[in-house]
Amino acid sequence: MKYRVTIAIKDGVLDPEMETLQRLLKRSGVQGVAQLAHTQQFDITFADDLEAQQAEQVTKTIAEDVLANPEIHDWTIAPV
Amino acid sequence: MSAPKKRIAVIDFHGTLCERDCAAALRETGAFEPVLVSAELDQFPGPIDGIVVPGGFSFGDYIRPGAMARTAAITKALRREAELGTPIIGICNGFQILCEIRLLPGVLLKNRDGRFICRETHLKVESRRSPFLAHVQNDILRIPIAHKYGQFYASPETLADLEANDQIAFRYCDADGGSNQATNPNGSASHIAGITNRAGNVLGMMPHPERRSMPWSQHQDGRALWESLAQ
Chain A
51 MKYRVTIAIK
61 DGVLDPEMET
71 LQRLLKRSGV
81 QGVAQLAHTQ
91 QFDITFADDL
101 EAQQAEQVTK
111 TIAEDVLANP
121 EIHDWTIAPV
Chain B
3 MSAPKKRIAV
13 IDFHGTLCER
23 DCAAALRETG
33 AFEPVLVSAE
43 LDQFPGPIDG
53 IVVPGGFSFG
63 DYIRPGAMAR
73 TAAITKALRR
83 EAELGTPIIG
93 ICNGFQILCE
103 IRLLPGVLLK
113 NRDGRFICRE
123 THLKVESRRS
133 PFLAHVQNDI
143 LRIPIAHKYG
153 QFYASPETLA
163 DLEANDQIAF
173 RYCDADGGSN
183 QATNPNGSAS
193 HIAGITNRAG
203 NVLGMMPHPE
213 RRSMPWSQHQ
223 DGRALWESLA
233 Q
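Quick note, the sequences are listed as chains A and B, same order. Be aware that the first sequence starts at 51, since it is given in our numbering, and climbs by one per residue. Be aware that the second sequence starts at 3, since it is given in our numbering, and climbs by one per residue.
Everything labelled a hint here was simulated from the structure, so no lab data went into it.
Footprint (simulated), chain A over chain B, 3 or more residues, beta carbon under 8 Å: (1) 70 to 80; (2) 108 to 116; (3) 156 to 167.
If you want the ones that stay clear, here's a sample from chain B, every Cβ over 10 Å from chain A, calculated: (4) Arg121; (5) Asn140; (6) Gly179; (7) Gly180; (8) Ser181; (9) Asn182; (10) Ala184.
Ideal Cβ positions, reconstructed from N, Cα and C, are used throughout, including at glycine.
Take the sequences, apply the hints, and build the full model.
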């Protein structure tokens with residue numbers, strides 16, 4: 051059983067890397083990019099005998115406690 | 003007879019770098035007995051009068067600077083001491099850690115210009131609620147920064163709370179105390195260089211006072227923080 055955590059930077063939080071990339075793309079002639087954002091994905095594989103409900107709970111805990119910071123991130127989880 | 007020395011725990015996470023500098027700065031005042039504490043311990047060794055969370059690159063900055071500290075054994079004990087009102091200071095990566103374990107609000111993002119910055123800054127002391135600042139005489143201190151992730155960010159509501167509760171400890175400024183974009187090295191919200199928790203006992207700051215505390219430092223502005231705690 052596998053769960054995927056996807057973490058995105060909240061709207062309004064500055065992401066200097068993406069701003070720089072957008073600027074460089076524009077300078078190199080790429081047209082039409084209005085906004086660039088990057089997300090992070092983490093795949094968590096659970097032992098076969100773990101209940102789905104428990105796996106989901108553990109995934110939420112890991113996402114909330116370690117992988118994401120609620121001040122700047124939105125996160126979602128989904129079974130893979 | 004002189005007063006007994008205060009025992010100050012200096013936490014050493016995997017990848018912490020500034021623990022010895024902090025211990026030396028504490029010892030230099032003559033008032034403290036610094037105790038290096040491994041982050042793998044689940045409690046502090048004996049009674050302590052204060053805690054320093056030093057700078058460095060704990061856990062290699064994996065996930066985000068400071069984020070992995072949530073998994074360290076000492077973190078529970080650190081939270082307990084924070085609740086008890088023990089004076090705590092987090093410097094640089096220590097500040098990032100205190101934010102990531104939610105002892106302080108907000109988060110430190112990559113610098114506005116995306117670069118590592120290592121230089122002296124002027125800081126205006128905005129609040130003296132922290133025991134590390136209560137007896138600081140000067141309103142402006144010169145203390146260097148050395149970080150890539152030092153841009154303080156918090157939601158507008160959190161910033162308003164910090165302001166309303168007198169939790170902003172330091173702002174980046176010029177030699178006369180004025181703050182503008184040019185005096186803000188990393189793009190921090192409201193020019194914030196350091197904040198405290200609501201109770202005032204937990205202080206986080208990006209600049210490194212321990213680097214301006216020794217006789218051979220180019221000046222000793224950083225000593226004021228340790229001397230304040232000693233009083």
